[in-house]
Amino acid sequence: MLPFLGKRAVASAISLVGLVILVFFLSRLTGDPTDLFLPENATQEARDNFRRLHGLDQPLIYQFFHYVGDLVRLDFGDSVRRAEPAIDAVMRGFVWTLWLAAITMSLVTVAAVVVGSLAAFHVGGFFDRVATFFSLIGASAPDFWIAIVAIVLFSVNLGWLPTSGTGTAWHWVMPVAVLFIRPFGLIVQVVRGSMINALNSAYVKTARAKGVKDRKIIFTHSLRNALLPVITVIGDQTTAILNGAVVVETIFGFPGVGKLMIDSILQRDFNVILAAIMVTAFAIFLLNVLIDILYAVLDPRIRY
Amino acid sequence: MTPKLTKLGAALLATTIASTAYAEEVTIALSEELDIVDPCESSRSNLGRVILQNISETVTELVPGSGLQPRLATSWEDKGNGTWRFGLREGVTFSDGSALDAADVAHSITRIQSDAISCEIGAKFFGGIELTTEVVDDHTIDITANPAQPILPLLMSTVTVVRDGEPLDAYVDTPIGTGPFVWDEYARGQHIKVSANENYWGDTPAVTSATYVFRSDSAVRAAMVAAGEADIAPNIALQDATDSSMDSSYPNSETVYLRLDHATAPLDDVRVRQALNYAVDREAFVGTILADGTLLATGMTPPSTIGYNKDLAPYPYDPDKARELLAAAKADGVPVDTKIVMIGRIGNFGNVLETMEALLSMFQDVGFNMELQMFEVAEWLEHYSNPFAEGRPPEIVEAQHDNANGDPVFSMFFKYACEGLQTGICDEKLDSMIAEATGLTGADREAKWSETFKYIHEDLVGDVMLFHMVGFSRVSPRLDFTPTIRTNSELQLGQIKFN
Numbered sequence: 001m002l003p004f005l006g007k008r009a010v011a012s013a014i015s016l017v018g019l020v021i022l023v024f025f026l027s028r029l030t031g032d033p034t035d036l037f038l039p040e041n042a043t044q045e046a047r048d049n050f051r052r053l054h055g056l057d058q059p060l061i062y063q064f065f066h067y068v069g070d071l072v073r074l075d076f077g078d079s080v081r082r083a084e085p086a087i088d089a090v091m092r093g094f095v096w097t098l099w100l101a102a103i104t105m106s107l108v109t110v111a112a113v114v115v116g117s118l119a120a121f122h123v124g125g126f127f128d129r130v131a132t133f134f135s136l137i138g139a140s141a142p143d144f145w146i147a148i149v150a151i152v153l154f155s156v157n158l159g160w161l162p163t164s165g166t167g168t169a170w171h172w173v174m175p176v177a178v179l180f181i182r183p184f185g186l187i188v189q190v191v192r193g194s195m196i197n198a199l200n201s202a203y204v205k206t207a208r209a210k211g212v213k214d215r216k217i218i219f220t221h222s223l224r225n226a227l228l229p230v231i232t233v234i235g236d237q238t239t240a241i242l243n244g245a246v247v248v249e250t251i252f253g254f255p256g257v258g259k260l261m262i263d264s265i266l267q268r269d270f271n272v273i274l275a276a277i278m279v280t281a282f283a284i285f286l287l288n289v290l291i292d293i294l295y296a297v298l299d300p301r302i303r304y
Numbered sequence: 001m002t003p004k005l006t007k008l009g010a011a012l013l014a015t016t017i018a019s020t021a022y023a024e025e026v027t028i029a030l031s032e033e034l035d036i037v038d039p040c041e042s043s044r045s046n047l048g049r050v051i052l053q054n055i056s057e058t059v060t061e062l063v064p065g066s067g068l069q070p071r072l073a074t075s076w077e078d079k080g081n082g083t084w085r086f087g088l089r090e091g092v093t094f095s096d097g098s099a100l101d102a103a104d105v106a107h108s109i110t111r112i113q114s115d116a117i118s119c120e121i122g123a124k125f126f127g128g129i130e131l132t133t134e135v136v137d138d139h140t141i142d143i144t145a146n147p148a149q150p151i152l153p154l155l156m157s158t159v160t161v162v163r164d165g166e167p168l169d170a171y172v173d174t175p176i177g178t179g180p181f182v183w184d185e186y187a188r189g190q191h192i193k194v195s196a197n198e199n200y201w202g203d204t205p206a207v208t209s210a211t212y213v214f215r216s217d218s219a220v221r222a223a224m225v226a227a228g229e230a231d232i233a234p235n236i237a238l239q240d241a242t243d244s245s246m247d248s249s250y251p252n253s254e255t256v257y258l259r260l261d262h263a264t265a266p267l268d269d270v271r272v273r274q275a276l277n278y279a280v281d282r283e284a285f286v287g288t289i290l291a292d293g294t295l296l297a298t299g300m301t302p303p304s305t306i307g308y309n310k311d312l313a314p315y316p317y318d319p320d321k322a323r324e325l326l327a328a329a330k331a332d333g334v335p336v337d338t339k340i341v342m343i344g345r346i347g348n349f350g351n352v353l354e355t356m357e358a359l360l361s362m363f364q365d366v367g368f369n370m371e372l373q374m375f376e377v378a379e380w381l382e383h384y385s386n387p388f389a390e391g392r393p394p395e396i397v398e399a400q401h402d403n404a405n406g407d408p409v410f411s412m413f414f415k416y417a418c419e420g421l422q423t424g425i426c427d428e429k430l431d432s433m434i435a436e437a438t439g440l441t442g443a444d445r446e447a448k449w450s451e452t453f454k455y456i457h458e459d460l461v462g463d464v465m466l467f468h469m470v471g472f473s474r475v476s477p478r479l480d481f482t483p484t485i486r487t488n489s490e491l492q493l494g495q496i497k498f499n
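Here the protein sequences come in this chain order: R and A.
All the letters of the first sequence, read from the start, carry residue numbers 1 to 304 under our numbering.
All the letters of the second sequence, read from the start, carry residue numbers 1 to 499 under our numbering.
Honestly, the hints are just simulated from the structure, not real lab data.
Possibly wrong hints are sitting among the right ones.
[As the list claims (entries may be wrong)] Taking lysine to any residue and the SDA-like style, the derived pairs with C-alpha atoms no more than 25 Å apart in a straight line are:
{"no.": "1", "chain 1": "A", "residue 1": "LYS193", "chain 2": "R", "residue 2": "TRP170"}
{"no.": "2", "chain 1": "A", "residue 1": "LYS321", "chain 2": "A", "residue 2": "GLU390"}
{"no.": "3", "chain 1": "A", "residue 1": "LYS193", "chain 2": "R", "residue 2": "ARG81"}
[Claimed, not checked] Far from chain R, by Cβ distances over 12 Å, these chain A residues were calculated:
{"no.": "4", "residue": "LYS79"}
{"no.": "5", "residue": "SER361"}
{"no.": "6", "residue": "CYS426"}
{"no.": "7", "residue": "GLU451"}
[Said to hold, decoys possible] Here are some chain R residues pointing at chain A (derived, C-beta under 7 Å):
{"no.": "8", "residue": "LEU36"}
{"no.": "9", "residue": "PRO39"}
{"no.": "10", "residue": "ASN41"}
{"no.": "11", "residue": "SER164"}
{"no.": "12", "residue": "PRO255"}
If you're wondering where the values come from, they're calculated on a predicted model, not measured in any experiment.
Even glycine gets a Cβ: it sits at the ideal position worked out from N, Cα and C.
Extracted from the complex, chain R is given alone in its bound form (with noise of 0.2 Å):
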């Protein structure tokens, strides 16, 4: 394992590395910050100050190699922005992107993994109908429009919960469930698709056969060996709300990273774009390692 570890970590820092040199230059092409952060009416001088602040005028190549010393030394540099290290502004929306992705993802493998399992267990029967119903319309709802509505049917017009914002177990309830939907209809149909794989073949047949329990089979036998594509699944799902659960996050007024780098491209800000990209990467790796693992925890035949 520690070779395949050693392995994944080269790869991934060689990964690292270009995403570096092209998230750089790429956000430079955007154009100069100077004009989003001064005034309309600033004068050159004004502007020629700025630029010198904050090394602008320095020619490209000399920023990036300034950049990259920097970096050695896990200096991410400065907010334009904000006037704080770019590295404490992504680690404070991290966090709670992280929490929001956790506490989301839980909750929808459990759900998903009962719901997928027991839809295929009877398929075409009531019980998969519905679940079908409702998975597919989770896979393809607006999360846009979703939240709009949940805020005004739970919080103004019956009171139950918080519109947004942060502070206690209630504000995490609409978010989460709105994240909720659209995996949980991906992943349902997916643990679905691979149990019926899973109970159509020899040995869930002979277990049968032998009197064996049918919640027996559906959860020791054939659940374990159709977790391999969920589990694939699920992590592309988890990707994607590390990566920014932007909208979410914009309506929630939920402080997470997603919206912090929507902010900092439209601001060209652009070390907390790179510390930003940076840091997802690196827990983006560190989840794929983790899955791997999965990979080899449920099927004796992987070994790295």
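Chain A: place on chain R using the hints.
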């Protein structure tokens, strides 16, 4: 009284006190999270709504309807040669207990012009002006502007005063000011809390504490007030202002116009510029894609500005006259068939795209060869601000200009002088009119600005002036608070009362 009754009485008293305390707290839902919170950046609208006159006070204060009023300065006098003497209020302390004196004002002025930080107040209001100070005594300061600024006391209404010791090369992250409120906490991404300053020199505000939260979606901000989670949402979209018991509109000091490039044909011909003006059915926008209450504009600044020329009338919608003017220009060899590029700014105001598409349709209807391009702010600025690209096509740039400061001087040089950053005109007579009006005071100043507006509107046909915009705020029924033109840039907690 028995012990039980005593306990009951105490409990009731505590409940009463608690509910009273709750009633004096307010929550305000802002549209953007604050980035830098230094008072020298408080001309940014969202920071201004938190800091301006709440945490940090200005030297003077511009009050809608009342004009320039004392704030930290109680008097001012023109000493000549660009120097003004300001007498400061005595007995004022910062929230850390230190006393306000002239050295603090001198330091604040130095700081907004510091090269080591980019303070927006300095860049926005004092570009090209050198300010020097001389402390006369603890409560008297001479401020000299080079070139001389006849409206220096008005310009001082933009200067927030900080302590003498605040760094010249770094922004502060905990603002300390002399205002009626004290900065308590900023949980980034979540909220800002302020509470009443017990040692404030002025009247004690009814509000005892305030919490600012950040929600970028207008519908959510409006819902927060409807659900009782917030008391004021100062800037909501037209489509979310659906409850007349809570929502009100106010002139928000923004003027929307089309800046014409007088340097390129066919826009260099006055008949073409007139045709553009006659082609627009301005009234058709109001109450449809723009809010009811939107005013038709004839000048760059809102009607509350001094020198606003009330005698000017918007160009009427007359497509036939527009066609005639174009035909006359064409007959004289003006290349009216040249493709004109109309440039809009994405997200500049609510329904900007619909507005631009409607304008395009009106221009094409009278015979203009025109295309619309919508840009993000940075790319838009490349077309809006000098230096303009060489060999550019004839361009019309849509812009929204904010002047809540009561005087055209904050607008006219930048928008119309030959050296102005966003000017589409270079006219010698106009330059001298702007320079003359800038140097006058009182009624003469007002008259000169008025004359200047008329010259631009009728003689030069400088732009296609469109609308003075209105903003919408949602205010909880438990508050007695009416948004004004200043709500676009500040929100004084001291002006909030409870019903």
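Original post:
A/SER361: least C-beta distance to chain R exceeds 12 Å?
Top reply: holds, 28 Å
Original post:
Is the Cα-Cα distance between A/LYS321 and A/GLU390 25 Å or less?
Top reply: Distance of about 33 Å is beyond 25 Å: violated.
Subject >> Agreement of A/LYS193 and R/ARG81 with the hint, judged by alpha carbon distance not exceeding 25 Å >> reply: Given that 25 Å is the threshold and the Cα spacing comes to 21 Å, the pair holds.
Original post:
Taking the closest Cβ pair, is R/PRO255 under 7 Å from chain A?
Top reply: holds, 2 Å
Subject >> A/LYS79 non-interfacial with respect to chain R [C-beta, more than 12 Å] >> reply: At roughly 27 Å from the nearest Cβ of chain R, A/LYS79 sits farther out than 12 Å, so the non-interface label holds.
Original post:
Would the hint on R/ASN41 stand, with a C-beta cut-off of 7 Å toward chain A?
Top reply: holds, 4 Å
Subject >> Residue hint R/PRO39, partner chain A, criterion CB-CB below 7 Å >> reply: holds, 4 Å
**OP:** Taking the shortest Cβ-to-Cβ distance between A/CYS426 and chain R, state whether it exceeds 12 Å.
**Re:** holds, 17 Å
Original post:
Does R/LEU36 pass the interface hint, meaning its C-beta sits closer than 7 Å to a C-beta of chain A?
Top reply: At 6 Å from the nearest chain A Cβ, R/LEU36 passes the 7 Å test, so the hint holds.
Original post:
Does R/SER164 meet its interface restraint, that is, does its C-beta lie within less than 7 Å of any C-beta in chain A?
Top reply: holds, 5 Å
Subject >> Hinted pair A/LYS193 and R/TRP170, Cα distance within 25 Å >> reply: holds, 21 Å
Subject >> Distal placement of A/GLU451 relative to chain R, Cβ over 12 Å >> reply: The claim holds: A/GLU451 sits with its nearest Cβ about 23 Å from chain R, beyond 12 Å.
Checked against the numbered hints given earlier, this structure breaks only hint 2.
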